[in-house]
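Guided by the hints, dock chain V onto chain U, whose structure is given.
What follows is the residue order along each chain.
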Amino acid sequence: MSESKRLPPQFGEWIDRGSPVRFTFEGAACEGFAGDTVSSALHAGGALMLGRSFKYHRPRGVHSLANHDVNAMFEDGTDTNIRADVTAVRDGAEYRAVNTVGGLANDRLRIMDAFSRFLPVGFYYKTFHRPMSLFPFWERQLRSAAGLGKIDGNHKRNRTPKRYDWCDVLVIGAGPSGLSAAIAAARAGASVVCVDENARPGGTLSYAYGSEPAAQGRLDELLKAAASLPNLSIRCNTLAAGYYADHWVALVDGGKMTKMRTRAVVFAQGAAEQPSVFRHNDLPGVMLASGAQRLLRRYSVRPFESPLVVTANADGYRAALDFASIGIHVAGIVDLRPDGEPSDLDERVKAAHITIHHGQAVYEAVPRDGLVGIKAAVVCPLDKQGELDTDDGLTIACDGIAMSVGWAGADGLLYQAGGRMKYSDEFEQFVPETMPAGVFAAGRVNGVFALDQKLIDGERAGLSAAKYLGLSSPSTLPEARRGPRSTHPYPIFYHPKGKAFIDLDEDVQLKDLVNAETEGFDNIELLKRYTTFGMGPSQGKIANANTVRVLARLRKQSVGETGVPTSRPFWHPVRMDALAGRGFHPHRHTPMHSFHESHGAVFMLAGDWQRPAYYARPGRSREECITTEVEAVRHQVGMIDVGTLGKIEISGPDAGAFLERIYTGRFTNLKVGSTRYALMCDESGVVIDDGVVARLGEDRFYATTTTSAAASVYREMQRYAIVWGMNLTLVNATGLYGGMNLAGPFARRVLQPLTDIDASETAFPYMGMREGTLADVPARFLRVGFVGELGYEVHVPANCAKHAWDALVSAGGAFGIRPFGVEAQRVLRLEKGHAIVSQDTDGLTNPFEAGMEWAIKDDKPFFIGQRSLRIIKKRPIARRLVAFSLGAGYHGNMPKECHLVIDHGKIIGRVTSIAISPTLHEPIGLAFMPAEKAAVGTPFSIRIDDGEMVAARVVKAPFYDPHAARQKM
Amino acid sequence: MPLKLLKFGLSGKYAEPRMFRTPEKMRDTYDLVIIGAGGHGLAAAYHLAKDYGMTNIAVLDKGYIGGGNTGRNTAIVRSNYLTPEGVEFYKESVRLFSQLSTELDLNLFYTERGHFTLAHSDASLRTMRWRAEVNKHLDVNSEVIGPREISKLCPYMDLSCGGHAPVVGALWHPPGSIIRHDAVAWGYAREACRRGVEIFQKTAVTGIDIVDGQVTGVQTSRGPIKARRVLSAVAGYTPRITKMVGIRTPIVIQPLQACVTEPLKPWLDQIVVSASLHIYVSQSSRGELVMGASLDPYELHSERSTLDFVEGLVDHLLDLFPFLGNVKVNRQWAGMSDMTPDYSPIMGTTPIKGFYLDTGWGTWGFKATAVCGTTMAYTVAQDDDHHLIRPFNLSRFGDYTLVGEKGAASVGH
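Taken in sequence, the protein lines are chains U and V.
End of the first sequence sits at 969 in my numbering; the numbers just go up one at a time, nothing left out.
End of the second sequence sits at 413 in my numbering; the numbers just go up one at a time, nothing left out.
Bound-form chain V, shown alone:
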């Protein structure tokens, strides 16, 4: 038994120090206001405080810590992307995630499970090979494997897929991991607070003040704040925030849904993704199967669930794992995804001085949390885009230098 558990048991009083403080009052002036207390916003706050000594920061959220897509995603971390820009970026994220429990002194349950992206056709096998080749070139562990090797790693899978779309191969990415997503936000929040950052939950931003192209303050549901720097790290609401500063992004909002089953004893070690079947599934440390499918195929600003989502998902899941018919789906939910035309994020400086964006995270945002923290902190502190995120600047849509990651999104879109 680890020593710490012994300590918990033997000391009469248990409660640990408070993880996050809720200050009574907001200050008049902050050096930086971060909109969104999700993983991204909190990670940036943490790194600004820790790496750049910038602590006069307010993190505002209209809901609660980690209550947006940080708490709604399926908690997968991987770096098997398609473009060199994407791979470099996510590779750094995986590296940071793998050390994050130690860094934040909070066990985030980061576990390497291995990640399959199944191919059911020659065409998808071709894309897998492309990804594998780019990954290997950049020292990311990915390879194309055949059905026999898939069976060896995951004997439960029916590779004939019920005879509908037999699995012909897979992109196998051993570093693919899962992590306790909520805890990531809590860990960053705790460590940011410890360094003086202030988090205000249930505080909505209603306007952003700009004078001569420079941010000067933020209007909130708790009153105005003076600040010359604002970082927007929200999802689902980005168009509303960018409207406040008068810039446009090509983002559209589409819902992304997910569901979990009742807890089962561990049987599925890997993360399994199939774009053709529109599913991804992994088994959490609690034993639930955590499952997702493709984006809802329409623009909608809503977190409602639909029945056809779970019907379609389960139908395809049973093609791959036919014995799960008697396992029950416990709960479904939805989040809102900021979709960009090239399936890459929008990060960094903007035409408005002092206004920074960390957005456009579509269906792939959680796995970038850690690297967004370091790179956005650099960008805000230096007022200059970090080299890893330069390809993702908003200006690429004007310059037609897009970073095409559609082929590496985990499910069809």
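Chain U extracted, bound-state conformation:
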């Protein structure tokens, strides 16, 4: 490292000289100050080369120092793809450049630069595929050469909270225009938030106007005015990452995201300085003038010792004066404009003894050995057509080139917000044409470049936003002048030897664009996809504008006609942990969860719910435990937690009619105090859910749904209630009630002593519904029988459910009560031949196939799926859900659910449920079979794992208690 390039302290610098920071870069000890970015500290220490390029591994250094390029991408052992130009340097950090082999200085892949002529645009599309058998080898080589940083598999997820926020006016950009807009809007009474991605406010005022006495103190005035307004807050280090519909803006502050809903937005992000394109324009030492000035004014670092300034606007002159003011010898100004700078800056530059070359441009930079920096520039005259006369070159010694040939508005979010832009030939920039409601632009993004005019334009935008919000504002708004023209129409110069770079991220050269256009990639999006310009991490911030100019010229059309690539979020990439936030995952527990836990429940996930699959007992296998639970229900009494079922209350004059439209059955004739099975189909007649509907009163119904469909059924009911305009109210009561199903021959004897209802068969028959109390708790009782025994499903308010459950468990002790889980329930219902919707049905199953046609009542004017079912009913049924058995003697390998039924080498069906029945002591199941092979007694073959065929036979369902006597006891 060479001597320090740090300047003496100066007013307005962003570093804190009292807080030194020590770190390493590529293993070497470095230092800087708090407030430095990693790049500024390194440049101050004399490190010119900060990275290697993506493809050719060329040395790269500070270019924009504004996150408009990614020349300096580091990793520090924890994070990767760190943007060193804008990341605060961290004490103790160990930085390395990404994407090198063997370190930055001796990167073994630097040889790629010499091979670049063999790697023209799109080369990888044209080779490596003959023979195809070798391609996997080449692909591995190319893959490992691609990519930037390495992931760290041990990196810990940072769970940062996300925040919601709102304001009247969000101003994006705290430069002169943005601050002026924010102040104006706040003075008009709006609550204003002004964000800026930089560490401090000021924008161009913090670096560009060092040579302008009139600009001194302007920033302080603005900040003072802002500070006096309690309804204005300025947030620095805050990136407006993306604009989304309805003024919803993602703000990212370090690792945290704030979702800002604002009523109006002022876009004042300024502009990104654009490079001139010439040979070796990418090397360390070739900088954007604004990048050099950022180094100089914000971090007090000498960007170079003897730079040449190439310019086409006043900003270049200001930069030259800036350099001269701190004693840098300016090797000259090369002004692309034949007439030079019209303002008094021309005089001031001459007074500073800086030579100006009018009507000239830089043709190439002359590299130092190893390409680490430059030693001269070749300057040639421009003719009237904008062509360089390369025979008349003048070589000027310099150690850097500061480029100030034009700007492109930082208008990414403005496009996302729906702003329509048009190309202004006068200013050689896209400027806003029409804006959506509540969207305003100010400053350079609006084509306004002069400082005094930017302040006016900001005020205009702030007042316009206030006016839009209905706040008082003057009847005539101030009006700013656009300009002066600060952008050259074509600062792009071909060199036969190439290495004139358009996109630094992707190592796209000027000749690549020319070749791609010749090959037919002649509109901007195709050109982008083929050359990959603008696809790198900086998303073309300093590549797109020049590319459009090149394509426009090649196509002999205007820049406006050529257009720009679509702008998409994000403006700068956003860390995933900021987007993910704390990572909330709903886990739902029923009120009985603690009971399940303390009784050894093994849980399974059902949507967000945790349900006991079965209750484990020491020394017993899973199968034994399930069998025990099944036997308890069949012979004594068992109880399952059914609180996860969807529960929806429907009330109002149209409630019954509504349910008849939703479900296939009839409900207007359901008696109060009764329940009925409810089957739901979609419009194509496919079974999508089932449950039970109980009538609580004339206009009040209570419906249950399956656990998994609870949310979607409620959502669809809401939607239909609105679509059909029916008079009813829906309440999603899923979480309001706990539920338990008490089942088994002793169920009534357990229940009766605890309730005030008469639980007898005559007073409360099967399919009845009663409201009463259970253990002094209000309860709804439904006599349903999914498992095929005498059963009571009891729903009680969730906060009392555990009490009720405990009371039943304790009362059932004398009868051998046992809690049972989902697995036992699956076996029990299978023995009864009941299908589970979505397990025994699939995405195309209609009720006829599933044997559920009895649940369809077609004698009503309409229900969802009715038209389809009427058509389907007239056609032959293709397949049926049948019950089958492997026979009592079967002890071989068990088929699994979804194993296929194979007949003569063809798939003819599949197993949907299977279990060894503890009651019947044989493997039983349900399967889809072709209708012609669905008759009881038909043999068929199931192919199981490893291709073994297992013989099965269609049997009559249900397997157990065919006359359903046990549930009506």
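Read the hints as simulated data drawn from the structure, not as lab findings.
C-beta atoms are modelled at their ideal positions from N, C-alpha and C, and glycine is treated no differently.
With a cut-off of at most 30 angstroms between alpha-carbon atoms, the simulated DSSO-like pairs for lysine-lysine come out as follows:
#, chain 1, residue 1, chain 2, residue 2
1, U, Lys968, U, Lys956
2, U, Lys906, U, Lys874
3, U, Lys896, V, Lys152
4, U, Lys156, V, Lys265
5, U, Lys933, V, Lys136
6, V, Lys265, U, Lys126
Derived list of chain V stretches under chain U, where covered just means 3 residues or more per stretch with a C-beta under 8 angstroms from a C-beta of chain U:
#, segment
7, 121-129
8, 162-175
9, 263-269
10, 279-287
11, 310-317
Example chain U residues on the side facing chain V (calculated, C-beta under 8 angstroms, incomplete):
#, residue
12, Thr80
13, Asn523
14, Gly583
Then chain V, alone, in the frame of chain U:
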């Protein structure tokens, strides 16, 4: 170094011959007009020219070549579908894709990565087994594997999923591949053009002429064309096209979004899909993680991006790969999906004579590009549905012979 690179380097002038021509003028009459210069339309054009000698074809696009969903998808090719009809069809597509670089003499970067569909519950494991069984029966390499085997193949995955929804198994499909999607369209376009097909970009279709149930011509933003055959191979605009000929499809348009991270050195070889977590992710040859999630749950004709999409996606991705928290998402985008009720496409002949459909491609269209080319070319040339696409004819919605692929769509819908 391959010889061709040496040739590029040593010859002074590089530019290769033009890939696509842009004719100055449209002819008055074409034998066939293809609406949509995406992969599907161009593949059909290519195969018509190559296999059936039909070259008087105009391919029209209101945007640019491959600018619709061909350029917006996540470039995954696989055949692990659920229905036998689907598996047969996509199996042929995978076969064609695997040879396509050679066929088109353009390196499409077709790379077999292997494809995981993760199961987080018994229920999803059941569907995986169903798919695996159907796949194996039809000679497609798929199997259900357990957590240990998943870890062996992809050691970076946190199978506990942060404790939220542990991975209990996966459908493992070794032939699952990724490919350079844009290049697929370019390759077909180049080879079609070489055979005389004409492509007109920035040319919108505004109407289709029909006389007595027979297509007679197309109205375009550049003027009318006479043609007795029209193939619609568009996405997002199918209802507008079918309205022009007066037929109805059950298609609704829903947005599907995706995003990419900054480039990283290669670490993820496989394609990972989880329907429960609503994510799919693979790492491109450039090093970016290419990620998608479920469809936006509403009908919308828009290519806008939403913040909640990327928030939700990343949240779930970090459950599976918690160390990616410091990796940055670079860009997000959206496409429009033509959704059908059974999650299968609508292809082939229609009640209008001379009007053919290749549509309803929902979220699964790119991976069918190659087989759509051959089958639609057959269908148009013979005016008869190719046997592989017969199950996908529009008439199935009237006949209730749907082809239910919902269970095999890569993410929840």
